[in-house]
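Enquirer: Heads up, the sequence shown is in the numbering used here, so the first residue is 1 and it goes up one at a time.
Treat the hints loosely; a few may be bogus.
Unchecked claim - In silico SDA-like pairs for lysine to any residue, Cα to Cα no more than 20 Å straight-line: (1) Lys5 <-> Lys186; (2) Lys112 <-> Leu235; (3) Lys3 <-> Leu108; (4) Lys3 <-> Lys18; (5) Lys186 <-> Lys54; (6) Lys233 <-> Asn216.
Unchecked claim - Quick list of the computed label-pair ranges, beta carbon to beta carbon: (7) Arg24 <-> Asn254: 33 to 41 Å; (8) Thr8 <-> Gly239: 34 to 42 Å; (9) Ser2 <-> Lys66: 39 to 47 Å.
Hints are computed from structural coordinates only; laboratory data are not their basis. Cβ atoms here follow ideal geometry from the backbone N, Cα and C, with glycine treated the same way.
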Amino acid sequence: MSKAKSFTDIVNSIKQYKEELGLREFEECLYRGHSDSRYKLLGGIYRSNDYSLKNEESLFYEFRSKAADIQQNAVSEWDILFYMQHYGCKTRLLDWSDNFGTALFFALSGYKPKQDNPLAIYLLNPFALNELCTNGKHRDFYDPDNLNHKDNYSYARMLMEDLKIPPASKKGIWWEKPLAIYPIRKSERLRSQNGYFTIQGSDQRPLKEQIDTGENILRKIEISEEAIPEALKYLELFGINEFTVYTDMQNLSNYLNKKYNL
């Protein structure tokens, strides 16, 4: 982990960590930003004291039933899960982007002046993660449809299999550690954010606790308050704002109000 006191420190840390992560040619580094460095890399659904597989299944079915707008398009159960994540429902997914600027935007968007804890940017080698989590059998991103290839189960059916007594874990959520997946970007938000996901498996611990510190998989940069003015200028220079990240009318309005100090 490094602590950046300037934007130059941030850039230098990224260069160093990308080299340490050992990404091969044509392999993407993924980024994730947090306004509080204490935030754990854990799917939102696991943050509730009331989590259960049954609640996860019920949440999915109710969202699918009531989200009428997305039903106008041809969507799979995986697409529905991705829509859930991007509209605030708790899922076992974590958002990542191959665009550092997007991660920096999310880190800065929740920043409060003189807060006690620094911001944080995570760098992930998703290929090394998948290689570790499959014991060397699979290095590339997973196509979500291939996660349920064993018995051709849908996402919801995988949850149902795990709800059986005893759980049919080999048929349901068969992976233990998080896997990096490459979604089909039907959602405008996924496209605008260059979005990827990791999907939690049966191990409900944060990602950092599931990998050895010596593995070249994950790195963290803490951003101190001194670096924030330069970081904000970077976002402005490259045109990264509420509207370019979310691309809806509400966030266009938010961006324009802020731009004109209204």
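Enquirer: Next, verify each hint and record whether it holds.
Expert: Hints and how they fare:
| no. | hint | result |
| --- | --- | --- |
| 1 | Lys5 <-> Lys186 | 38 Å, violated |
| 2 | Lys112 <-> Leu235 | 17 Å, holds |
| 3 | Lys3 <-> Leu108 | 16 Å, holds |
| 4 | Lys3 <-> Lys18 | 16 Å, holds |
| 5 | Lys186 <-> Lys54 | 27 Å, violated |
| 6 | Lys233 <-> Asn216 | 31 Å, violated |
| 7 | Arg24 <-> Asn254: 33 to 41 Å | 39 Å, holds |
| 8 | Thr8 <-> Gly239: 34 to 42 Å | 21 Å, violated |
| 9 | Ser2 <-> Lys66: 39 to 47 Å | 45 Å, holds |
Checked against the numbered hints given earlier, this structure breaks hints 1, 5, 6, 8; the rest are met.
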